[in-house]
Amino acid sequence: MWKQRWLRHLGLVFDGRVCLFLSFSRHPSSSLLDQHCSQTWRQEWDKGKATCKELLATNESAQMYAERLAEFSAALGFDGWLINIENIIDEVQIPNLMVFVSHLTKVIHSSVPGGLVIWYDSVTVDGQLAWQDQLTEKNKPFFDICDGIFMNYTWKENYPKASADIAGDRKYDVYMGIDVFGRGTYGGGQWTANVALDLLKSSDVSAAVFASGWVYETEQPPDFRTAQNKWWSLVEKSWGIVQTYPQVQPFYSDFNQGLGSHISLGGRKLSDAPWYTNMVVIEKHLITEEGTSVSEDN
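Residue numbering for the sequence shown follows this note's numbering, beginning at 1 and increasing consecutively.
Hints are not guaranteed to be accurate.
[Said to hold, decoys possible] Ranges of calculated distance between the beta carbons of each label pair, as one might list FRET restraints: (1) Glu219 to His262: 18 to 28 Å; (2) Ser111 to Gln257: 26 to 36 Å; (3) Lys140 to Leu265: 34 to 44 Å; (4) Ile166 to Thr192: 24 to 34 Å; (5) Gln257 to Gly188: 22 to 32 Å; (6) Pro222 to Leu270: 21 to 31 Å; (7) Ser261 to Asp90: 53 to 63 Å; (8) Asp198 to Leu76: 32 to 42 Å.
[Stated by the list, open to error] Below, simulated DSS-like cross-link-like pairs (lysine-lysine); rule was C-alpha separation at most 27 Å, straight line: (9) Lys156 to Lys171; (10) Lys161 to Lys140; (11) Lys138 to Lys47; (12) Lys140 to Lys49; (13) Lys106 to Lys156; (14) Lys49 to Lys106; (15) Lys161 to Lys171; (16) Lys156 to Lys53; (17) Lys156 to Lys140; (18) Lys138 to Lys106; (19) Lys49 to Lys161; (20) Lys106 to Lys140; (21) Lys161 to Lys237; (22) Lys106 to Lys53; (23) Lys140 to Lys53; (24) Lys53 to Lys138; (25) Lys237 to Lys171; (26) Lys237 to Lys156; (27) Lys138 to Lys161; (28) Lys237 to Lys269; (29) Lys156 to Lys138.
Simulated from the structure, these hints should not be mistaken for lab results. Note that beta-carbon positions come from the ideal geometry of N, C-alpha and C, so glycine has one too.
The whole structure should be built from the sequences, with the hints applied where relevant.
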């Protein structure tokens, strides 16, 4: 199963298929309604430090805020949280941070079926903002109390195997980061992101693919659809794909991407104009008091 991501979302990869999406709260927010995803709790700079200081003031406050995040996930349909703290934490509050992560993991598991809590490799157990790029004694305590760790993108060639050895039977819960924009990432990202995937697969760890929207955001030629298919074909060739075929068809899906180069109906072309709308990706219905079904968009 791969753990992996869309348009500035990030995706975690293992075993050949996309199995978890993480959102960084970027537009379009409507996409969150149409897919299972985990949300990111991100703190940084002075404002983040102040927020963390309040949240981690006591053992009780750490547990209370963890419960609020779990309630938020259950109410809005998130599958869990990526905890991304990129500011210094007062060392005296590290025990409360451990309580926060541990309790959040516990309440997510009890309130969100299949929910996960992933720790981002940033703050260390001594409260410093020091990206390790691999599993070490400085970040493993956080890994031990949640569902996985998302490693920073600037790892070296020997780091994945070293991390797998330390993680033991939890090696697939180690997600080595790949920045598709290529900012300091192994293999260079972009059209050679598969170089990193090849190494990670042979090292028996998972991959966290960040910002696969690079194809769209940088307007890769000759056009988005062609470039998008080309990029993902490199991923498939590198990582492989797990295919299962249902024996029955309990529901209908048309795999509509919400965009196209023309409009046709019943095999007859109605328009040559390209189009885009996320309203047709998944049609939603409401049930009226009279028991009839109507489109939510009407």
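Against the structure, the hints come out as follows:
1. Glu219 to His262: 18 to 28 Å: Holds: the Cβ-Cβ distance is about 21 Å, inside 18 to 28 Å.
2. Ser111 to Gln257: 26 to 36 Å: With Cβ atoms ~32 Å apart, the hint holds.
3. Lys140 to Leu265: 34 to 44 Å: violated, 57 Å
4. Ile166 to Thr192: 24 to 34 Å: holds, 27 Å
5. Gln257 to Gly188: 22 to 32 Å: holds, 28 Å
6. Pro222 to Leu270: 21 to 31 Å: holds, 25 Å
7. Ser261 to Asp90: 53 to 63 Å: holds, 55 Å
8. Asp198 to Leu76: 32 to 42 Å: Taking Cβ atoms as reference, Asp198 and Leu76 lie about 37 Å apart, which means the hint holds.
9. Lys156 to Lys171: This hinted pair holds, its Cα atoms lying about 17 Å apart.
10. Lys161 to Lys140: holds, 15 Å
11. Lys138 to Lys47: holds, 24 Å
12. Lys140 to Lys49: holds, 22 Å
13. Lys106 to Lys156: violated, 33 Å
14. Lys49 to Lys106: Within the cut-off at roughly 24 Å; holds.
15. Lys161 to Lys171: Holds: Lys161 and Lys171 sit about 9 Å apart, inside 27 Å.
16. Lys156 to Lys53: violated, 33 Å
17. Lys156 to Lys140: OK: Lys156 and Lys140 at ~18 Å, within 27 Å.
18. Lys138 to Lys106: holds, 22 Å
19. Lys49 to Lys161: Roughly 33 Å between the alpha carbons, so the hint for Lys49 and Lys161 is violated.
20. Lys106 to Lys140: At roughly 18 Å apart (the allowed maximum being 27 Å), Lys140 and Lys106 satisfy the hint.
21. Lys161 to Lys237: Given that 27 Å is the threshold and the Cα spacing comes to 21 Å, the pair holds.
22. Lys106 to Lys53: holds, 22 Å
23. Lys140 to Lys53: It holds: about 22 Å lies between the C-alpha atoms, which stays within 27 Å.
24. Lys53 to Lys138: holds, 20 Å
25. Lys237 to Lys171: Between Lys237 and Lys171 the Cα gap is close to 23 Å, so the pair holds against 27 Å.
26. Lys237 to Lys156: With Cα atoms ~23 Å apart, Lys237 and Lys156 stay inside 27 Å; holds.
27. Lys138 to Lys161: holds, 18 Å
28. Lys237 to Lys269: Not OK: Lys237 and Lys269 at ~35 Å, beyond 27 Å, violated.
29. Lys156 to Lys138: It holds: about 17 Å lies between the C-alpha atoms, which stays within 27 Å.
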